[in-house]
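K.L.:
Protein chains in written order, with the working numbering: chain A, 1 to 357; chain B, 1 to 289; chain C, 1 to 361.
Hints are computed from structural coordinates only; laboratory data are not their basis.
It cannot be assumed that every hint is accurate.
[Claimed, not checked] Lysine-lysine pairs mimicking PhoX-like chemistry, simulated, CA-CA at most 20 Å apart: (1) LYS148(A) / LYS118(A); (2) LYS28(A) / LYS40(A); (3) LYS234(B) / LYS209(A); (4) LYS294(A) / LYS48(A); (5) LYS234(B) / LYS219(A); (6) LYS348(A) / LYS234(B); (7) LYS119(A) / LYS103(A); (8) LYS281(A) / LYS48(A); (9) LYS310(A) / LYS326(A); (10) LYS169(A) / LYS234(B); (11) LYS169(A) / LYS210(A); (12) LYS272(A) / LYS126(A); (13) LYS234(B) / LYS204(A); (14) LYS300(C) / LYS274(C); (15) LYS210(A) / LYS234(B); (16) LYS219(A) / LYS243(A); (17) LYS148(A) / LYS252(A); (18) LYS257(A) / LYS148(A).
[What the hints assert, rightly or not] Here are some of the chain A residues that sit facing chain B, going by a computed Cβ distance under 7 Å: (19) GLU62; (20) SER66; (21) ALA206; (22) CYS208; (23) GLU343.
[To be verified] Chain B residues, not near chain C, derived (Cβ > 12 Å throughout): (24) GLU56; (25) VAL83; (26) LEU84; (27) ILE157.
Small disclaimer: the values here were computed from a predicted structure and weren't measured.
Glycine included, C-beta positions come from ideal geometry on N, C-alpha and C.
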Amino acid sequence: MLTKRTGLKLATAFAALMITGTAHAAEKLRLLTWADYAPKEVVDQFTKETGIEVEITLSNNEEMISKLRATQGAGFDLVQPSQDRIAGPQTEFGIYKPLDLSKLKSDLFIASMLEATKKNTTIDGKVYGVPHIWGTDGLIVNTKLAPKVADYNDLCDPALAGKTSFRSKRPALIAFAFANGMDPFASYGDAKAYAAMMDKVGAKLAECKKTVKFFWDGKDQLLNALRSGEVVAAMAWDTGGWKLNTESADIKFIAPKSGALGWVDTFAIPAKGRNDDAAYKWINFNMRPEIAAKVAAAAGNFTASNGADKLMQGKLKDQFAESFPKAAIDNIKWYPAVPAGIEEIEGKVLDRLKAGS
Amino acid sequence: MSRKPAQSLTLFLLLAPAVLWLGVLIVLPHVEILVLSFSERVAPRVYAFGFGNYLEFFTEPLYWRTFARTAIMSILVTAITLVLAFPIALYIARVAQGRMKAMLLLLCLLPFWVSELVRTLGWMMLLRETGVISYMLQAIGVTDQRTEFLYNDGAVILGLVYGGLLFMIVPLANALESLDPSVVEAGFDLGGSRWTVLRRIVIPHAMPGIVAGSIIVFMLTVGNFATPVLLGGKNGLWFTEQIYAQFITRFNWPQGAAFGMLLLLLSSAIVWAGLRLTGQSLGTTLKQA
Amino acid sequence: MAHSSDLDLVNVVKRFGTHAAVNDVNFSVAPGEFFSILGPSGCGKTTLMRMIAGFEHPTSGDIRIRGQSMIGVPANKRPVNMVFQSLALFPMMSVGENVAYGLTCRGVSRAEAEERASRMLERVGLKGFGERRVTALSGGQRQRVAIARCLVLEPTLVLLDEPLGALDLKLREHMKIELKQLQATFNTTFAYITHDQSEALVMSDRIAVMNQGRFEQVGSPRELYHNPATPFVASFVGETNKWQGEAASASAGGIAVRLPSGTVIQGQGKVAEKASLAFVRPEAVALAQDSSALSSLPNKFEGRVSAVLFDGANSSLLIDTAGFETPVRAVLPQAGPLAGIQVGAPIHVGWTADAMKVFAA
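Produce the complete structure using the sequences and hints provided.
P.N.:
Written as structure tokens, this is what we have:
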């Protein structure tokens, strides 16, 4: 019988075969990222400047980690998971390699954000991630049809029955924990306390489910439902809210009373990346203010590039200002690194939420 | 009986690609999954052999209830598909001739030229609150408000039946086509009513096709992912979603692998029970399919 | 009240598009009669039978069973049962279930149906076969099951659609006799269709010869054989010699035909046109080694044996005869002086004017 190890070797050999089979002569950067993070204009400019071709694969946090785990960190040269999803998976699966900070121009980053991200992604004194794009999770509200929505708990208002939505994913658990007076981040280290807390949140969400139309999955699905008025209030990313706000002034992104959830997407290098030089070049290129401003405009989010904000267009700035008064900015809850095992606890709560009728 | 070595070498060479194909693409991954399903996480990057992942399925009601729900709905979908497909297959096999027959089969095949995802999105367009059906009902005055048809078990069943129809029609039509028309006429001639002829002659004759179609549709349905995810509501969890969740969002591969093996075993057990219940053997059924 | 006939067809027409498959057919079948419809394939006999069974509907005309019109009566409500060409036994049922099927359709209880089915099987010589699969039976046994399945319902009329077609020759010969005996035992009216004139002749009380949608002649086998009404019947029923010629002169009841070679032969018949056909049965051709034995016959010729077709009692000779384009066929008796005749031997042939039927071509 085949052992797991030889099986994996076979699979890897197979994968290697496929890759070499399709390899081009030109130098190439294989980038695993989110939608809109690598607009064509920026990619073309990079290729022109460096001669390196960029091959883009779109994904999300969970799939990025799963993909890398399947190959033990091979197949891509640069990935962009959120900063809280680096330390845990790295401890568990060893899918990233430490960054050589000397190859990065640190003055291109907003210093405080760089420091915070480094701190969250450090294991055994080695740094695994640097910040790129950041944004928040909050509420997208049709202020005409649901004027009273101001916090996550308002999504459970019976008056809005069948017209609200959130994702049945971990941000919903975190958000509703804060909204109901709990601090989940404080319990990250204590699995037992965290499980008890999540059970409470689960019960709250089960109650809330009556008013939910669907648990949204794809961003476009949610935005369409908000446009048509099928959904009037939802927990979602700020960028979607501002996009809709541009189309219809009634729809706004609101920082919830209990705090928006702040996330930072990073640059990290997979354990078996084959073109680290190109990866560092891409990072430095992307953090240049004029490039970062273009990417931020395409993604509709903000960038960790120092000075890019001055180059950004007025509309998004205004929208940000409207959504985030000073107090709301201070109230943003930034995700700390997710310790291993937390997802297990959350997963079960979410499964029950979806299965129980 | 002994064969000349040259002959057996030829045979071996002829079979080698098929065996390699089966081995590398089907057997090997399953062996991997099986091995994986018996490993339990002890600490980061440390795994030990154990049955915990299987125990988890039986001790956590969430999981086996999800499976039971998936299985029962799949059986329901199979039954509805059968009832809908039978008259269509009967028409294709016994009434339609020549071009008409080819066209009808093509018509059944047509939806499969686009991917399952696109088909499902099509249903979403029709069923959503601001969709075509809701709009038409309002337009003709049946309802005065928008109606949501999406995100419930009915929508899931509808989508799955639609997806399974072809796989039921083809084996059924095949089975019905081989029925000698004079046998049906004899059934009438000897005094049988339409119902008697259907029940005592047509259905027993089509039984291998019915069983083959049902197995295919049941297996496709139980293992479906996109349709229940997209059309299903906040209350429905398909077992495949559970597997996906374990693998992708939970990073718990051993648990996902155990669920995968359980899905294979339990759905095979249901098929086996179905075969026993209808007194069919897998051999005759496979011939039909 | 018993009706004088079990089946009456009145001016039945069946058209498929412009083609008339059955064209104005009339006939009656008496109770207990074995009635055959004989015709080449494509003559419309199957369509006719399917109309009687109720699977096709006449374009016009009426079909009556015991005086009751069957127009609009579905197949499963007619007191008629059919033995199909393929037999159409139900492969998904046992022999007993096949026979009991019709009874259970009528609402007879399961137990009684089984009981009656097994008694019927006994009568057709299949005692104890009830549990067998139909696929495990021989051709003849399957035949009997198909008939038993009909007879158990005690129908007014049993229709048989060339049921012997699929059997090998030996079995076919045997089944001919068996069918006739079964029909006699049960005294049920049989309507039998076939393209095999020997089957029709052996079994039937009466035969209708059908051609191109019409009945050419209806009569007993003997009538058809000896007094065919049309050239089609004359050539289709039984072996015959056939010559083309011109009607030369007619006298009281007799007619002379001039063959293309100029030879004139004497026969019987009424011909309005010049072109005519003459038929003589092989057994009506007298053979002799010297001409004096045939001196009383109006038709006598000299020929030479071109082939000896030995077939036991059915043996015949082909005789090249001056004046005839094709050899004359004659029955060769297997006793007497000619029994050992060889190819090439000279021989005299002759026949009476009565034996030769002349029709307009």
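K.L.:
Now, for every hint given, state plainly whether the structure supports it.
P.N.:
Here is how each hint holds up against the structure:
no., hint, verdict
1, LYS148(A) / LYS118(A), "39 Å, violated"
2, LYS28(A) / LYS40(A), "16 Å, holds"
3, LYS234(B) / LYS209(A), "8 Å, holds"
4, LYS294(A) / LYS48(A), "17 Å, holds"
5, LYS234(B) / LYS219(A), "17 Å, holds"
6, LYS348(A) / LYS234(B), "15 Å, holds"
7, LYS119(A) / LYS103(A), "18 Å, holds"
8, LYS281(A) / LYS48(A), "13 Å, holds"
9, LYS310(A) / LYS326(A), "19 Å, holds"
10, LYS169(A) / LYS234(B), "13 Å, holds"
11, LYS169(A) / LYS210(A), "17 Å, holds"
12, LYS272(A) / LYS126(A), "17 Å, holds"
13, LYS234(B) / LYS204(A), "15 Å, holds"
14, LYS300(C) / LYS274(C), "23 Å, violated"
15, LYS210(A) / LYS234(B), "9 Å, holds"
16, LYS219(A) / LYS243(A), "12 Å, holds"
17, LYS148(A) / LYS252(A), "13 Å, holds"
18, LYS257(A) / LYS148(A), "12 Å, holds"
19, GLU62, "5 Å, holds"
20, SER66, "5 Å, holds"
21, ALA206, "10 Å, violated"
22, CYS208, "10 Å, violated"
23, GLU343, "6 Å, holds"
24, GLU56, "47 Å, holds"
25, VAL83, "21 Å, holds"
26, LEU84, "24 Å, holds"
27, ILE157, "32 Å, holds"
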